[in-house]
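Hey, can you work out the whole structure from these sequences and the hints?
Protein chains: 2
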Amino acid sequence: MHDDAAHLPGVADDGAVPQEGAAPSARAARVSRRGLLGTLGGGAVGAVLGGAAVALGRGSAAAFEPAASSAAPATAIVEFMGEHQAGIVTPAQDRMHVAAFDVTTTSLDDLVSLMKDWSSAIGFLSRGLPVGGSAGAGGDDLLSPPEDTGEAVGLTAGNLTVTVGFGRSLFVDAEGKDRFGLKSKLPEALIDLPHFPGDQLEEARSGGDIVVQACADDPQVAVHAIRNLSRIGFGRASVRWSQIGFGRTASTSKAQATPRNLFGFKDGTANVKAEDASVVDEHVWISGLEGESAWANGGSFMVTRRIRMTIETWDRQNLGEQQLVVGRAKASGAPLSGGEEFTEPDFAKKGADGPLIDVNSHVALSHPSRHSGAQMLRRGYNYTDGTDGLGRLDAGLFFIAFVVDPRTHYVPIQNLISKQDLMQEYVRHTGSGLFIVPPGINMAGSYLGKSLLEG
Amino acid sequence: MHDDAAHLPGVADDGAVPQEGAAPSARAARVSRRGLLGTLGGGAVGAVLGGAAVALGRGSAAAFEPAASSAAPATAIVEFMGEHQAGIVTPAQDRMHVAAFDVTTTSLDDLVSLMKDWSSAIGFLSRGLPVGGSAGAGGDDLLSPPEDTGEAVGLTAGNLTVTVGFGRSLFVDAEGKDRFGLKSKLPEALIDLPHFPGDQLEEARSGGDIVVQACADDPQVAVHAIRNLSRIGFGRASVRWSQIGFGRTASTSKAQATPRNLFGFKDGTANVKAEDASVVDEHVWISGLEGESAWANGGSFMVTRRIRMTIETWDRQNLGEQQLVVGRAKASGAPLSGGEEFTEPDFAKKGADGPLIDVNSHVALSHPSRHSGAQMLRRGYNYTDGTDGLGRLDAGLFFIAFVVDPRTHYVPIQNLISKQDLMQEYVRHTGSGLFIVPPGINMAGSYLGKSLLEG
Numbered sequence: 001m002h003d004d005a006a007h008l009p010g011v012a013d014d015g016a017v018p019q020e021g022a023a024p025s026a027r028a029a030r031v032s033r034r035g036l037l038g039t040l041g042g043g044a045v046g047a048v049l050g051g052a053a054v055a056l057g058r059g060s061a062a063a064f065e066p067a068a069s070s071a072a073p074a075t076a077i078v079e080f081m082g083e084h085q086a087g088i089v090t091p092a093q094d095r096m097h098v099a100a101f102d103v104t105t106t107s108l109d110d111l112v113s114l115m116k117d118w119s120s121a122i123g124f125l126s127r128g129l130p131v132g133g134s135a136g137a138g139g140d141d142l143l144s145p146p147e148d149t150g151e152a153v154g155l156t157a158g159n160l161t162v163t164v165g166f167g168r169s170l171f172v173d174a175e176g177k178d179r180f181g182l183k184s185k186l187p188e189a190l191i192d193l194p195h196f197p198g199d200q201l202e203e204a205r206s207g208g209d210i211v212v213q214a215c216a217d218d219p220q221v222a223v224h225a226i227r228n229l230s231r232i233g234f235g236r237a238s239v240r241w242s243q244i245g246f247g248r249t250a251s252t253s254k255a256q257a258t259p260r261n262l263f264g265f266k267d268g269t270a271n272v273k274a275e276d277a278s279v280v281d282e283h284v285w286i287s288g289l290e291g292e293s294a295w296a297n298g299g300s301f302m303v304t305r306r307i308r309m310t311i312e313t314w315d316r317q318n319l320g321e322q323q324l325v326v327g328r329a330k331a332s333g334a335p336l337s338g339g340e341e342f343t344e345p346d347f348a349k350k351g352a353d354g355p356l357i358d359v360n361s362h363v364a365l366s367h368p369s370r371h372s373g374a375q376m377l378r379r380g381y382n383y384t385d386g387t388d389g390l391g392r393l394d395a396g397l398f399f400i401a402f403v404v405d406p407r408t409h410y411v412p413i414q415n416l417i418s419k420q421d422l423m424q425e426y427v428r429h430t431g432s433g434l435f436i437v438p439p440g441i442n443m444a445g446s447y448l449g450k451s452l453l454e455g
Numbered sequence: 001m002h003d004d005a006a007h008l009p010g011v012a013d014d015g016a017v018p019q020e021g022a023a024p025s026a027r028a029a030r031v032s033r034r035g036l037l038g039t040l041g042g043g044a045v046g047a048v049l050g051g052a053a054v055a056l057g058r059g060s061a062a063a064f065e066p067a068a069s070s071a072a073p074a075t076a077i078v079e080f081m082g083e084h085q086a087g088i089v090t091p092a093q094d095r096m097h098v099a100a101f102d103v104t105t106t107s108l109d110d111l112v113s114l115m116k117d118w119s120s121a122i123g124f125l126s127r128g129l130p131v132g133g134s135a136g137a138g139g140d141d142l143l144s145p146p147e148d149t150g151e152a153v154g155l156t157a158g159n160l161t162v163t164v165g166f167g168r169s170l171f172v173d174a175e176g177k178d179r180f181g182l183k184s185k186l187p188e189a190l191i192d193l194p195h196f197p198g199d200q201l202e203e204a205r206s207g208g209d210i211v212v213q214a215c216a217d218d219p220q221v222a223v224h225a226i227r228n229l230s231r232i233g234f235g236r237a238s239v240r241w242s243q244i245g246f247g248r249t250a251s252t253s254k255a256q257a258t259p260r261n262l263f264g265f266k267d268g269t270a271n272v273k274a275e276d277a278s279v280v281d282e283h284v285w286i287s288g289l290e291g292e293s294a295w296a297n298g299g300s301f302m303v304t305r306r307i308r309m310t311i312e313t314w315d316r317q318n319l320g321e322q323q324l325v326v327g328r329a330k331a332s333g334a335p336l337s338g339g340e341e342f343t344e345p346d347f348a349k350k351g352a353d354g355p356l357i358d359v360n361s362h363v364a365l366s367h368p369s370r371h372s373g374a375q376m377l378r379r380g381y382n383y384t385d386g387t388d389g390l391g392r393l394d395a396g397l398f399f400i401a402f403v404v405d406p407r408t409h410y411v412p413i414q415n416l417i418s419k420q421d422l423m424q425e426y427v428r429h430t431g432s433g434l435f436i437v438p439p440g441i442n443m444a445g446s447y448l449g450k451s452l453l454e455g
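Sequence lines, in order, name chains A and B. Numbering of the first sequence is given in our numbering, commencing with residue 1 and proceeding in unit increments. Numbering of the second sequence is given in our numbering, commencing with residue 1 and proceeding in unit increments.
Wrong hints could be hidden among the right ones.
Chain copies aren't distinguished; within one or between two, either way the pair holds.
List of simulated lysine to any residue pairs, SDA-like, C-alpha gap at most 25 Å [stated by the list, open to error]:
#1 349 - 140
#2 350 - 91
#3 419 - 234
#4 254 - 154
#5 450 - 341
#6 273 - 372
#7 273 - 455
#8 350 - 140
#9 254 - 82
#10 183 - 195
No lab work stands behind these hints: they were computed from the structure. Keep in mind it's a predicted model, so treat the numbers as computed, not measured.
Encoded structure:
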């Protein structure tokens, strides 16, 4: 079958290789017996990904409109195009699948085509459409692999957002050598994160040349997006690590209730909210870069940390200890200095035995007042990945934060937390990544990363 | 802190051990400084799990009613008590967390107390209440670990069902020795599953003395249940493996639309549906056992198989091949012999080149007509667990089926599939389990497994 299929346009381009197992000759015979080969050339095969990219290039949202027969419900759609990428200030969806990719090509042209193909696909996926916009799970073309893997057919767009970022390793290799002629455009702030005290990072859960964050109301929608982008990337990029997050641990809109993390505490009470535009502008969006780094204006930095919680240990601590560590009341989320959830903590307020909020509590050490006012837009997720072989759940927080500059808005904060935070006793950082998220697509014919790759 | 806490009733019973890291003396000093020790004895500490079990024993659903101040919304509740356990014919919820436990105690009394404690906790959790029924995430007792870990506070019950089953290894050890005096009650059908052709089972994903399946609309609710039961089990049972499933792949009610698996095909079209009571009675519920196995009547057998799909290979196959393998049309789910999704397959119907449905397609080999009419109630879930180190997503189907007898309703079917099914080229079985699910709690004062443990 492969031998036949490889002659079709759009299939060889898709990187088809012989499947494992059966002998090609037997498989060709099998398909032939089904009478499928008789339709060769009769279907609408085409170079589908290229075609989709062209559709994007036509510059109209209407280019994504489906044929009536394959229309997904036009509900729960987050606009993909805009000055900034979606999935940052978008109200945090409940589910996430994030993947980091290693770029396996050495060709800048291939990298450009990958970003074009991904941008096109994200445009379709964001509208709840199959990749390519066709019937997705089927159609009539029996001789080509379906353009879309199909498992999201019948689901809504689920408020899917797909957010793409670039790692430092995309610009320079481990020896500092320029990989794609992009080294001069490497923003200074895209550093190698330092080793923080207590880090137990696993190489296989860290780094990556490109990150893709898919968030949606429905996990099947998020997984479908990552899986199809992975598929499109075949031969150009391969998945380095991926992580499912089952429940959001931050609100990015004042309209959202504050969710709880696996410590059982409300998380993200003091998060940057989309409604505070001036705060977002100051602390999230990159601006004012000049010269060869100017391409990144309108983007942001994305920090990812896989933070395993030693939940079995945590669960054995008494409520007083738990609240002491966090600095907030477990039930209400109010700071221990009093008030309700959104009351500003009063670190000076004392009880009979000293400050009501411990100086080494998490809320005290991470508070902007300790960090020249620096704030992060957090967008993390609870995760559970089976067990560790010692009868303990491998569970915790997949931390994601978007910041204007990690040198001022992440590294000093994490350093202080890693050194002093009482919470460190209950967490282990097992994965880490830093990526620069390019600006969004705000004009027809563009694609994610164009300002970097063609600027 | 531990030294102090250990003197409290309900805490030592909970298996508290010194936490990692800090020295007990330093921690005691820390808590003391917060002025918490002054409340010792003043709180409503109590032996909470035992108390909850007593509440169940009072025999009234009202025993689970919360105090007004901590009431979770009384919505989305599946009744926990009944002739059969919930979570089998319950309309399949969208999300799942399942865990298998190794029993670490050698005491039958401990095993009994574990099942009592779990039954009590499941009663609370099924009503959307924190374990113990108290405020859960807080309350006023600063000196005890909260009875509930808290991350589901504010969520509904999410239609949570928790279903418990026993593995053969609970009855006899690897040498066939009686572990808890239950060997004579081991039902004949609770066999060691044979090795099926192509099996690539991983020990760390297989087996287990007890299985706990938590299904809910919200994954945070399902994870919360497993986590709290794991916690309650400390010192008596430890997690052997656990698996998150993000999307259901079967319908168990005619009111549910058929979902899609990660092959992109509708899955479970021909599943046993709860509405067909006589089919369920014949193919799902154990009945008619006599003598020492009679305790199992009203129960069922649960088969679990972690089936990794080689989705990258699958995704490169053309639509014709994919449909040939499954025996159904990808878009509609209709059998290739024609009709629509729920049309019965016609295996005799021929086209120009032979049967329209290949004799080695999945639908042909798994059809009840090949297996003396045997049907399974399937309740599987799509999963994605990161990557495999080769840039491929570790994704597939966590297969769950409930059957009246695995010797007639699973083994022969899997044997045929493993030997001949075209689909085998695209899957690898990496985990396996067989458990007997005892009947439900249909009277006050009972608990899951009582008919086995006390019968």
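(request) Give me the numbers of the hints this structure contradicts, sorted from smallest to largest. (result) 2, 3, 5, 7
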